[in-house]
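Protein chains in written order, with my numbering: chain A, 1 to 333; chain B, 1001 to 1503.
Since the hints were derived computationally from the structure, they do not count as laboratory data. Here the structure is a predicted model, which is why all the values come from computation and not from measurement. By construction, the Cβ of each residue, glycine as well, lies at the ideal position given by its N, Cα and C atoms. Some hints here could point you the wrong way.
Claimed, not checked - So these bits of chain B aren't anywhere near chain A, every CB distance computed over 10 Å:
{"hint": "1", "residue": "1223"}
{"hint": "2", "residue": "1262"}
{"hint": "3", "residue": "1330"}
{"hint": "4", "residue": "1345"}
Said to hold, decoys possible - Derived pair list, reagent style DSS-like, types lysine-lysine, alpha-carbon separation capped at 30 Å:
{"hint": "5", "chain 1": "B", "residue 1": "1341", "chain 2": "A", "residue 2": "275"}
{"hint": "6", "chain 1": "B", "residue 1": "1111", "chain 2": "A", "residue 2": "270"}
{"hint": "7", "chain 1": "A", "residue 1": "128", "chain 2": "B", "residue 2": "1074"}
{"hint": "8", "chain 1": "B", "residue 1": "1434", "chain 2": "B", "residue 2": "1388"}
{"hint": "9", "chain 1": "B", "residue 1": "1191", "chain 2": "B", "residue 2": "1180"}
{"hint": "10", "chain 1": "A", "residue 1": "128", "chain 2": "B", "residue 2": "1331"}
{"hint": "11", "chain 1": "B", "residue 1": "1074", "chain 2": "B", "residue 2": "1180"}
{"hint": "12", "chain 1": "B", "residue 1": "1111", "chain 2": "B", "residue 2": "1180"}
{"hint": "13", "chain 1": "B", "residue 1": "1341", "chain 2": "B", "residue 2": "1434"}
{"hint": "14", "chain 1": "B", "residue 1": "1051", "chain 2": "B", "residue 2": "1307"}
{"hint": "15", "chain 1": "B", "residue 1": "1316", "chain 2": "B", "residue 2": "1388"}
{"hint": "16", "chain 1": "B", "residue 1": "1307", "chain 2": "A", "residue 2": "128"}
{"hint": "17", "chain 1": "B", "residue 1": "1164", "chain 2": "B", "residue 2": "1191"}
{"hint": "18", "chain 1": "B", "residue 1": "1131", "chain 2": "B", "residue 2": "1111"}
{"hint": "19", "chain 1": "B", "residue 1": "1051", "chain 2": "B", "residue 2": "1131"}
{"hint": "20", "chain 1": "B", "residue 1": "1131", "chain 2": "B", "residue 2": "1191"}
{"hint": "21", "chain 1": "B", "residue 1": "1164", "chain 2": "B", "residue 2": "1131"}
{"hint": "22", "chain 1": "B", "residue 1": "1191", "chain 2": "A", "residue 2": "275"}
Okay, here's what each chain looks like letter by letter:
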Amino acid sequence: MKTDILKKLVQNGAIWGFILLQLVFFELAGRYWAGSSTTFIDLDNLLLLLKQSAPIGIIAVGMTIVMVNGNIDLSVGAIYALCGIVLLDSLGWPMMEAMGDGAIPLAMLIALATGCVLGLINGLIVWKTGVDAFIVTLGAMLGYRGLVFMYNGEQPTSNLNWTMVDMAEWGIFGIQTPALVLLFVVLVVWLVMTRTVHGRNAYAIGDNREAAVNAGIRVGPHMLINFAVIGFLAALSAVVFYSGSGSVNPNDGMLFELWAITAVVLGGTKLTGGKGSIIGTLGGVIAIQLLRRGLNHIGADTETVNIVIGTILIVVLLLDRQLNRKASGELKV
Amino acid sequence: MTGQTPALRLDGIVKDFPGVRALDGVSFTVMPGEVHALMGENGAGKSTLMKVLGGIYQPDAGRIYIAERETRMKGPLEAKANGVMFIHQELSLAQELSVAENIYLGELPRKSFGRVDWPTLYARTDAILEKLRVGFTARTRVGELSIANQQMVEIARALTVDAKAVIFDEPTASLTDAEKVVLFDVIADLKAQGVGIIYISHRMEEIFRITDRISVLRDGEYRGTLDTAQTDETEVTQMMIGRKLDLSRSAATVEPGPVALRVEGLSCGTLFRDATFEVREGEVLGFYGLVGAGRTEIAETLFGLRKPTAGRIFLKGEEVTISSPIDAIRKGISLVPESRKEQGLVLGMNCRDNITLPQVADLTAGPFVADGAEISIYDQYRDRLSIKSPSWRTLVGNLSGGNQQKIVIGKWLSMRPEVLIVDEPTRGIDVGSKSEIHNLLRDLARQGYAVIVISSEMPEVLQCSDRIVAMYNGTIMREFTAEEVTEDSLIQAISGLNSGAAA
């Protein structure tokens, strides 16, 4: 029993322990080794970190529920870029320009709806054809990215709207809009996954699909909802980010899907579904961003960050495997 | 045969898994040139024994002798090196590779720099294929072959080494009659070459056609070996299912109420044919038969997992069609499936969430699931079924088999079904919990549920049921009442010896 509790603590708290370790390490390494004049554990620094985590963090939250459900979505980066274009471009439509700043909420709604629809398309194909989500969303990733390039070729799409910039930089207690949105999304989706019927059924489907079907749960609609949600969140991430930046490069969002999956897996979600937590994913997102900033803080070459993250990911999964190895009779290959 | 060196001898093999002794001192001997049947119901330990022999499991005690030389099998390769070859029920072939590559997988003949020596490979393979008299060549891609021919490729693999013993695990499951004849010829050839053969099958007619001796396992124990020529199906069946019968019924019956479920002429392809039976409120109807007799398939059809090809289903006198599990649940039919862990439980979820899984959509307060309502349902069924779990938060995967089964039963009771179908209620459950589950099923009938119990354990069926339906090979052979049933008549019915009228 005691080992059970310990195991659970290790499993659920590991990512936060890792974050704490990083904080201490970068603070000390910064002070005594790199001779940095600033402190790393500093409120402004950490708030900035949270803000920078937002674009991938919001998507990673969506990735968590899709993965808990036993699927995956590789098209989020392309959805992100496409919805950014929809947001900035729609503001330039004559009808919208006539509305002045009143067009901003409308443009945001259009962008969010676009994300939803793109996600629904993914979900519908996965549900109705039974083709693996990996393949379907891989195709969607290429297709949606193709739409991005069709819009403006290699040229960036720009439309800097200062009202939107103000909205993006608005803040309370120093927490700016992107960080607030991230925290809000984490809270809402956490409630959905832990407290609602949909969340419960999503876990059940991911853990044991056959038992879920036998319990009369309709698998398809739950998958559809989750794909729509991740599409929506990818669009939300785009709205939050491009409101501030005002310019979409056609290559934006590339590899976002892999960073999101990395964060989700670091946060303890199983690739095979049925297990995972939104809070863990938040930890994973923060841990990655912390590594980036931390390595920068101690003056390490920013290029090394990927090597470090890649190594850590494999070590984490290796530890997880050791801790969770099923019956000792498991075949060693 | 005496005086010869046995091809293979097992001596006191013991294998423990957490909480279960899967093999308890199994010993038997296979002589060269003998076809030795290994029989036993599901869970009797046949496959565990084969895994020990194949080096996949290490035995906790006991010895394996090959040609009287003690051998430790550390892995599959070692088994092969010692001349023990397996022909598995499930094919393990690489579909995209040629027949020759599959047969010599891992041991392709080589030339310098690791290049494959194709001419030698094909020549060797064709020589083997010729012996098997098959209609394909070494170069054929395996994916293009019929299942039966793929089976032949598996067999050809066994012929590449100087096999001392070859184990056939349900080899005829996917073969047509003509293909079986070829297979039996191959077995006869191997036999003539002095190879010892272990033949695992549930099909009695094959066993009696080709084997020399029959060894029977039950509950991980070796029950004895019979000379095929001097025994019959009834004796073998009796050995497989055991005689330690405690016929005391665990609870008094009540007068059964109106008919809850009536099935007329229900068929599903070749799985089962023309099944007609009814079950009343307040009674337990037992389904008994050997593995593959079609019992589970009937249950799955009633639960909407299979589409019947003919027949009618009446619930409380009204004809219904059942198109899906959702439909079945809505109409008041629940199924506690055969394999708890694969089909019944979400192991990574806690006890409470598993019990409320089918009805969680109805337990909401505003947008959220109502915790309190869920916990009170859990508490109710924990008390009613005496589920022993530290708390509702405990993950179901950490409970014992008996308590897991009670969770599944509780899940379905909480849906207030009219008809509760329980498939193999005590599989993999320890003896103490077994009788508890049996009492529970009797109790449920007394409370007015119509209960169908499907089992391959005779004592279980006899203890629980008010009436017993005996199945053989997809057909209902006979229906018994609890008063008239005898062990012998039941065994005869499920061995297919009683061609008498279905009741």
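### Query
Is residue 1316 of chain B close enough to residue 1388 of chain B, meaning Cα to Cα at most 30 Å?
This hinted pair is violated, its Cα atoms lying about 35 Å apart.
### Query
Going straight from one Cα to the other, do residue 1074 of chain B and residue 1180 of chain B come out at no more than 30 Å?
Between residue 1074 of chain B and residue 1180 of chain B the Cα gap is close to 33 Å, so the pair fails against 30 Å, i.e. violated.
### Task
With a cut-off of 30 Å on the C-alpha distance, tell me whether residue 1111 of chain B and residue 270 of chain A pass.
45 Å, violated
### Query
Under the criterion that the straight-line Cα-Cα distance not exceed 30 Å, is the pair residue 1131 of chain B, residue 1111 of chain B satisfied?
The hint holds at about 27 Å.
### residue 1341 of chain B paired with residue 275 of chain A [C-alpha distance capped at 30 Å]
Holds: residue 1341 of chain B and residue 275 of chain A sit about 17 Å apart, inside 30 Å.
### Hint consistency between residue 1341 of chain B and residue 1434 of chain B [alpha-carbon to alpha-carbon, up to 30 Å]
With Cα atoms ~17 Å apart, residue 1341 of chain B and residue 1434 of chain B stay inside 30 Å; holds.
### Task
Sort out whether residue 1191 of chain B lies within 30 Å of residue 1164 of chain B, counting only the CA atoms.
The hint holds at about 11 Å.
### Task
Verify the proposed pairing of residue 1164 of chain B with residue 1131 of chain B, using a straight-line Cα cut of 30 Å.
OK: residue 1164 of chain B and residue 1131 of chain B at ~18 Å, within 30 Å.
### Task
Starting from residue 1131 of chain B, check that the Cα of residue 1191 of chain B is at most 30 Å away, please.
14 Å, holds
### Query
Given the proposed pairing of residue 1307 of chain B with residue 128 of chain A, does the C-alpha separation stay at or below 30 Å?
Within the cut-off at roughly 20 Å; holds.
### Message
According to the definition I'm using, a residue is off the interface if its beta carbon is farther than 10 Å from all beta carbons of the partner; does residue 1262 of chain B meet that for chain A?
### Response
23 Å, holds
### Query
Between residue 1434 of chain B and residue 1388 of chain B, does the CA-CA distance stay at or below 30 Å?
Holds: residue 1434 of chain B and residue 1388 of chain B sit about 14 Å apart, inside 30 Å.
When held up to the earlier numbered hints, the structure conflicts with 3, 4, 6, 7, 11, 12, 14, 15 and 22 and fits the remainder.
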